Amino acid sequence: MRQRQGLIALAFLAPALVCLAVLRIVPAISAVVESFYTESLLRGGRVFAGLGNYTDLLSNKDFRQSVGVTLLFTVLVNPIQVVVSFLLAVLFTQRAAGARLWRTLVILPIATPPAVSAVIWSVIYRPDGLANGVLERLGLPAQPFLTSPSQVLPSLIVLLSWIGVGYWMLFLIAGIQEIPAEVREAALLDGAGPWRRMVSVVLPLVRRPLAFVLVADTVSNLLVFAPVQILTKGGPNGNSNLLMYDVYSRAYAIGDIHVAQAEVVILVALTLAIVAGQFRLLRGDQ
Amino acid sequence: MKRVSLSVLGGVVGLLFFLPLLWVVTNSLRPGSETFANLSPLSWQTFVELRPTVTNYASLLDSAIGRATLNSILVSAATVVLGLAICASAAFGLAAFEFRGRGLLFGVVVLSFLVPFDAIAIPLSTMFRDWHLTNTFAGLVLPGIGNGMAIFLLRQFFLGIPAELVEAGRLDGLGWFGVFRWIYLPLSKPALIGAGLMLFLFQWQAYVWPLLIGTDAKHILGPVALSNLQGQNFTDYGLVFAGAVVLTVIPLVVIAGFQRYFVQSVSSTGLK
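Just so you know, the sequences run in chain order A and B.
Just add 14 to the spot in the first sequence (first one is 1) and you have this note's numbering.
Just add 453 to the spot in the second sequence (first one is 1) and you have this note's numbering.
The following block holds chain A by itself, in its conformation from the complex:
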């Protein structure tokens, strides 16, 4: 009976399992396998290269810069986005006139596909665009934004936060709304001020959604591609050359697919390591 059940279940599961295996798991394995091979002009076709592609990558100046830029970007963008989403979630769960409307305005950019947002911000950041128009109105000097080595990452962070903060805020709002009313009232009766209530009452009680947001946000920020490809092409001087874009240009512009596969493996490993690390860190809290 159990065996028969298993066969029927397998029939229902088969299409999805085939899709997941062929479209997710096989390419991941193939990247690992291909990263150990290289194209040989002499012998024609591919030959085993051992760790050759990896040592090539590690000694490559552009790759090392790309890792540095990606780590700097990760360390900046994630705390900023998580803190801002949390503060906005607290703000928009207070009872105040228009809170629903204002919240909706913050969420709206979720609907815009990331590539479309990048196109929009490419016009905003033009020397004669909206951003400099606003600065001029405030009496500030015009800024180069995307063409400045020091401003390019902050400019990308602003655009990515415009896209992402509303989305992450939704999870935290859902978490805050699950806090029982009695807990809030008790804190109020104890005479806790607004700051104290946020840090000592709300913050510990939304730790689970907060942990999820931190992990998911970190993963999505490690894979940022469209804004780099559309706005900066990694420049100026490689200062916005995030790993995902470096993989892409290595595979297609430079045309070295095997080294690019090695870089995919490093990127996925980095992603999984950061996710595992954050999970452990957050679990250690409990």
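Hints are not guaranteed to be accurate.
What the hints assert, rightly or not - Covered by chain A, per the in silico footprint, the following chain B stretches (three or more residues, Cβ under 8 Å): (1) 477–489; (2) 544–552; (3) 597–611; (4) 674–680; (5) 704–711.
Unchecked claim - With beta-carbon atoms standing in for the labels, derived distance ranges: (6) B:688 with A:165: 17 to 25 Å; (7) B:487 with A:191: 39 to 47 Å; (8) A:191 with B:584: 44 to 52 Å; (9) A:221 with B:628: 44 to 52 Å.
Calculated directly from the structure, the hints in this document are not laboratory data.
Computed from a predicted model, the values in this text were never measured in an experiment.
Ideal Cβ positions, reconstructed from N, Cα and C, are used throughout, including at glycine.
We have chain A already, so just place chain B on it with the hints.
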């Protein structure tokens, strides 16, 4: 007093987020030659157009972006229909039966969404090239239909369906497909809509994959077409902004229509 200041603060934040979109909408209703005319100095006219024109939207219809938007709609719709069929059936297999290896198969599903899709897009695209799936609709749709997250979400919901209902159905002579079709699916509308939204947004927002696999004029998708236009030297920004508005409004209408389910599926992926 406190209420008022909170409201003002919320309003300022909301408007800051809204201004770029408002600017895009306003400029989509203006000739492209005037895009940069109202920026120096900035005034209320930057964000409001008193004599709006729809010429940009009209010329969108027979531009590359018009065609690309139709492609996006077609590809996303196909993804949702096929994806829901495949993911719901898999979730049913995992929720309704007890068998050896069930935990293992569930592990495969979870594993498949731990590896981010964009990261494996490049190795997958070399596979698809070998299989002659470049510049085909099948090539664009396929990666969207097996979605581990959607299976996970549906399985959680299906686990809540009482076993007595299934037994009653079986006694009434329903086959297992009948149980799936006539008991599980009708009871799971919220979860199906949530999973459908997930599949839709995955496909509608995709950029890396359509850039790798479908860039000829017949198969190009909206976001790729729009970013191609942006890169050209003599860009008509009126047209770019009209395209941006259309590509934003379509998912917005879908999300707004199913708002309740969207928030539900968002919060259940975060909390469970």
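**Verdict on chain A covering the region 674–680 of chain B, where coverage means 3 or more residues with a C-beta closer than 8 Å** = Since three or more residues must qualify, the claim that chain A covers the region 674–680 of chain B holds, with 5 doing so at under 8 Å.
**Item:** Assertion that chain A covers the region 544–552 of chain B - criterion: three or more residues, beta-carbon distance below 8 Å
**Value:** holds (count 7)
**Request:** Kindly confirm whether 39 to 47 Å is satisfied by the beta carbon distance between residue 487 of chain B and residue 191 of chain A.
**Result:** holds, 44 Å
**Request:** Examine the region 477–489 of chain B: at least three residues should have C-beta closer than 8 Å to a C-beta of chain A.
**Result:** holds (count 3)
**Request:** With respect to the beta-carbon atoms only, verify the hint that residue 688 of chain B and residue 165 of chain A lie 17 to 25 Å apart.
**Result:** holds, 23 Å
**Request:** Take the C-beta atom of residue 191 of chain A and the C-beta atom of residue 584 of chain B, compute their distance, and say whether it sits inside 44 to 52 Å.
**Result:** holds, 47 Å
**Asked** Do three or more residues from the region 597–611 of chain B put their C-beta atoms closer than 8 Å to C-beta atoms of chain A?
**Response** holds (count 4)
**Item:** Three-residue Cβ test at 8 Å for the coverage of the region 704–711 of chain B by chain A
**Value:** Held - the region 704–711 of chain B has 3 residues with a Cβ nearer than 8 Å to chain A, which meets the minimum of three.
**Message:** Taking 44 to 52 Å as the stated bounds, is the beta-carbon spacing between residue 221 of chain A and residue 628 of chain B within them?
**Reply:** holds, 46 Å
Hint check: no violations occur; every hint is consistent with the structure.
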